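> Here is what each chain is made of, one letter per residue.
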Amino acid sequence: MLLSASVKISSVKDALAALLKDYEVAAPVSDGANLLYSYITDPNDVVFSDQLPYKSPKEFLLPQTEKILAFGEDSAEDIQEAKKTVIFDVRPCDLSAFKRITDKVFSEGKFKDGFYMRRRKASATIGMACKSLKPGCFCNLRGIDKSYSTECDIFLTPAGEDEYIAAAHTPVGCDLLKSCFRSVPAAFSPEPAELSETLEICSEEKDVFEKVNWDAMSASCISCGTCTFVCPACHCFDFKDKGSVRYRVWDSCMYSAFTLHASGHNPRAGKPERFRQRFMHKYVYMLKNIGESACFGCGRCTRKCPAGINARRVLECIKAEAAGGSDG
Amino acid sequence: MTEEKLSIIEALKTICEDLFSKRVISRVLAFTEGEIKEIPVVSLITNPEGLKGLKWDESCNKPLAKLLLGLKPKTAIIARPYDARAVVMYINENQLKRDDVFIIGVGKDASDFPVFDAFAKDPSPLQSAREPSPSRGSLDFFLAEIDRCILCYACRQACWGCYCPSCFMERGIPDWTPAGVGREAKIAFHLGRTMHLAGRCVECGGCKTACPSGVNLKYLIDSLTQMCYEEYGHKAGMEEGARDPLSDYRCDDGQPGFLE
Ligand code: SF4
Ligand code: SF4
Ligand code: SF4
Ligand code: SF4
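Residue numbers (this note's numbering), protein chains in the order written: chain A, 1 to 328; chain B, 1001 to 1260.
For the record, the hints were derived by calculation from the structure and aren't laboratory data. Heads up, a few of these hints could be off.
Partial selection, computed: residues in chain B whose CB lies under 7 angstroms from chain A [unchecked claim]: (1) Pro-1123; (2) Pro-1125; (3) Ala-1198.
Listed below are the simulated BS3-like cross-link pairs for lysine-lysine, each with C-alpha atoms no more than 25 angstroms apart in a straight line [to be verified]: (4) Lys-1005/B to Lys-211/A; (5) Lys-1072/B to Lys-134/A; (6) Lys-271/A to Lys-1074/B; (7) Lys-319/A to Lys-1074/B; (8) Lys-271/A to Lys-1072/B; (9) Lys-211/A to Lys-288/A.
This one's a predicted model, so the numbers in the text were calculated from it and none came from an experiment. Even glycine gets a Cβ: it sits at the ideal position worked out from N, Cα and C.
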């Protein structure tokens, strides 16, 4: 922590107004049906609550559609430099997904993704503590402290009735805290995290692949892809060419056209194989490849699954079946 | 849980246990209790043990019939009227055989079910889900819903009627879709889907209940449902062997509709 200060809750809207002068600001708003992160123009639209917006804020770093190339008559002019953005009220689960998954995948591997990196560099994140676990949340089993995170520029922790303690973790965070928030320096030492033992698949890849009864596990899934769209850590994408423009668009392993070859062959022939891919990619391959599972227990997939598939339960079943002696 | 609902669950258990013991069925497609009270779990129960967790209340409002596709016979489905209608549609569209499914209807009145093999009375069933059409400012309403849509296709996946192995939205030749996830693509998808459901919608509301974004474009389909009823007296999935207005052509048709 580079700096800590106390901020009156009533002054946060003023701070957002100040930020709006120089930045695009994304924050939780209600669209009537849902709470979601959206660009705001008026700080009064921001919803302050303990609820988690139904989609993660990943779209501000990895938009659902982005133009990445154009030639001929279409110009590449609007493939711009990323806009300066502040993402407000990001919870510890999502902050970890940015830091430990998308950052690693798009900016630390063999292939660097300029589009993501430009946006990430131009963005600041203001984190916020969760007061409670919402139905479906299991961040506590995924090594995430719901009350505190250092994986952001500024982190806000409620302190008493009408104030937050703001902890700035980066130079950018310090500048923002000093320039946009009315704050009073205050000492802060976060409470130790209340974590449970991490729920992780420990078996060999081969055992997970072969022993788990994927047919039964995926039987009620309707391949809707909702789970991957709302997830902060899912990041698969596809390309689509239209005329002389190439777009990048989100893809989902739960779709039947995922990994479909031009020949018509698909190495993941059906729903069980796709379902297996979702869970193995998250909890086995990612762990092996980058040392981190691509799930932080935000519970969004569980809350939105039309079939009522509970990610934590599935994870527990996979763990048990893969560790079991007999062939599933 | 109310007494009423508990007795329905008991009735369903008895029916299913009997079916299992007589080896009539190999599984039951039903809702079971999950860890989160408000979120029922869709389950394929393969033995009497599994019936313990059966759930039946207003939260069990997702259509189930689509999961019957591709299952080896014979499956029992705990069906609301719309599921029974969807089964009839599958039979009419040659996707299922009547004998492959054992329909356990749960509803207010057995006459709400076009077909069933067993029936349990639910004195307080779900209300029918037809949407009133927004009369004023409907373009604004439509666009607001379109803007909320994230084009995930969960509505399509939930719908009994969207079972094409490759949806028009995913076809490359010809490529129907505007690139990207803008208004154009979303409008193309929703209007395309609406037309494909004309006279086929069984009013399950699955497209609405599956949508993560709370989009309500079912009213578009409802207006076609209404039209098919008014013009042709047709209600989808109410009769085995019936032809739908859009798959039936008669030379003496006095109302050629939009082909005119
Ligand atoms: S897999 Fe589910 S619980 Fe885990 S991070 Fe993704 S949406 Fe959240
Ligand atoms: S949200 Fe549920 S039904 Fe939809 S693809 Fe994911 S697991 Fe399957
Ligand atoms: S389920 Fe909802 S968000 Fe997804 S495509 Fe359908 S209307 Fe759009
Ligand atoms: S269009 Fe919607 S309401 Fe009609 S059958 Fe399909 S999912 Fe059900």
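> All the hints need checking, so say for each whether the structure fits it.
Comparing the hints with the structure gives:
1. Pro-1123: 25 angstroms, violated
2. Pro-1125: Nearest chain A Cβ about 20 angstroms off; hint violated.
3. Ala-1198: Hint violated; Ala-1198/B Cβ to chain A Cβ min 22 angstroms, cut 7 angstroms.
4. Lys-1005/B to Lys-211/A: Violated, because 38 angstroms separates the two Cα atoms, which is more than 25 angstroms.
5. Lys-1072/B to Lys-134/A: 38 angstroms, violated
6. Lys-271/A to Lys-1074/B: OK: Lys-271/A and Lys-1074/B at ~20 angstroms, within 25 angstroms.
7. Lys-319/A to Lys-1074/B: Given pair Lys-319/A, Lys-1074/B is violated - Cα atoms ~31 angstroms apart, limit 25 angstroms.
8. Lys-271/A to Lys-1072/B: Holds, because 16 angstroms separates the two Cα atoms, which is no more than 25 angstroms.
9. Lys-211/A to Lys-288/A: 19 angstroms, holds
Checked against the numbered hints above, the structure violates hints 1, 2, 3, 4, 5 and 7; every other hint is satisfied.
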